[in-house]
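**Student:** Residue numbers (this note's numbering), protein chains in the order written: chain A, 6 to 324; chain B, 2 to 260.
Derived from the structure by calculation, the hints contain no laboratory data. For each residue, glycine too, the CB sits at the ideal point set by N, CA and C. Be a bit skeptical, because a hint or two may be false.
[Claimed, not checked] Rough simulated footprint, nothing fancy, chain A against chain B, three-plus residues with beta-carbon under 8 Å: (1) 15-22; (2) 85-91; (3) 94-102.
In case you want the letters, here they are:
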Amino acid sequence: MSKVIKNNLAIEARGLVKRFGEDILAVDGVDLAIESNTIYALLGPNGAGKTTTINMLTTLLEPTEGTANVAGFDIVKQANDVRSSIGVTFQETTLDNELTGVQTLDYHARLYGMSKDQRQTKIAELLALVELEDAANRAISTYSGGMKRRLELIRGLMTDPNVLFLDEPTLGLDPQSRARIGDYIVELKEDRGMSVLLTTHYMDEAEQLADKVAIIDHGKILIEGTPSELVDQMGADVITIAGQGNKDDFIEKVNDLSCCETITTGNGIIQIGVDAGSRRLVEIISLANETDFTVEDISVAKPSLGDVFLKYTGRQFRD
Amino acid sequence: MSAAITLWNKQMMKSLRNTEEMIGMLIQPVLWVVLFGVGMGSLLGPAMPGGDDFYISFMLPGIIALTASGGAIGGGSVWLMERIQGIVKEYLAAPIPRLSILMGNALSIVTKALLQSIVILIVGVIVGANISTNPLGWLGGLALVAGFALGFAGIAIMFASNTDNPGAYHMMIMLFNLPLLFLSNALYPLETMPTWMRIGALINPTTYVVTGLRYTLLDVDPNLVQVETIPLWLCFLAIAIFACLGMWLGYRAFKKSLK
């Protein structure tokens, strides 16, 4: 039941810009080409423009400049067709606590014009998918955070969308719930042929789930690629140093070494991509001693998407 | 339109299941009629040309208007909470017209206002008001209440779309609501007002819904309730304009809040 979309792009954006008033430039020329039947993760610090981008692609906001097609439809001229083709889970919970789980799904599907039979079948199927059958007729006010998130996820699936938008689907959940939601997302892609655009605060999640990742900051996409492409460019190992003193002098010295592929500084953290971590450790510490820089913390690790993120945004990811 | 009905259905279901809301909705107008109506009536009644029960009949349409505007304020507050909680986003992402989102809310306000009006009329009869037995009169009266509630719902939605703060919303809407009640002929006749107040009352939609209800719902001598200064057709026209204007203001503010 794979869904075929024109020119095989689930989402295509060209030069999307969103301004709020005169001063705020939330999204500054975003281009996207997301193939159908893929999971695409947008990574970025708070205020990077992720949610504004999603709000434009889901037709909640009109772009100031640029155009985009979602599921083959123009987000401004064919907004209603886009709305019929997508499912959305917003960053903040948008559930009505006074309704039960079943009522939430039912009213949602009624807005999309589904018949009573269709609704009943779909509700039963999806409640089983996320194991919410037992809580189905309880008021949402009695649900845990993880249950609410699962309910919101299947609400977005009620109408069998071609493209699913998930804005921080696992924010604030315990590791167990996160892992479960992650599994569902992969299932949706593999079994139902959906295309998924998600944003996340969890690097490991993006690394595990996403076929492609883009890092976004200040409203611009800084780099895009598969998780392994992005990680590989960091070098074989990453040495991360925190310390005090004459940082500039130290960095300059490290830059002179032939072994060191990348240097990043952000929030006082220095990150060095090297060919072989444990061998270069001594060398780098002795450089610190030569300069006026005191190392307070040093670690060697295989690079992760988090290191890529730090390199491009100059900010460390908090999870 | 089917989307508006779905959202109306959702609001009504929530209200009907909320026992406190239902009790409050039914008790509040009863308290007005019984405590204020009977109290004021016993003070003014003997002095009034229509006799002891006259004041109850006189003020009943005012209580209906007050209740309808109170219901609209509550509906605006539901709207505000749905905006704050992000529930409106779910509607916005659905393939439904923007106006239907607004209409769903407004229709539930109108429905509740009509139910409350009927309760008020029944209580009114019990405490001695002279209510018309003409079904056409009732139909016309309920149409006026629906139009007034719709217009007020639009204004409440306008206030609720312009703020993210429930306290600020209630402050603004109360400031707006008070003169609408007291600067009208709901509680005292137009004739006895000073000129400045009468001018205020004549540009106030409450005056037209109240006057129209006195024509249509009451079974008392029209001269006694002093409706002759405003003809019935003007009441319907004014309320129709008010309903459209209110909805337009609400829709405009809602659209602006989406930018």
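**Student:** If you look at each residue in the region 15-22 of chain B, do at least three have a Cβ nearer than 8 Å to any Cβ of chain A?
**Tutor:** holds (count 3)
**Student:** Are there at least three residues in the region 85-91 of chain B whose beta carbon sits under 8 Å from a beta carbon of chain A?
**Tutor:** holds (count 5)
**Student:** Are 3 or more residues of the region 94-102 of chain B near chain A, judged by a Cβ distance of less than 8 Å?
**Tutor:** Held - the region 94-102 of chain B has 4 residues with a Cβ nearer than 8 Å to chain A, which meets the minimum of three.
Taken one by one, the earlier hints all hold for this structure without exception.
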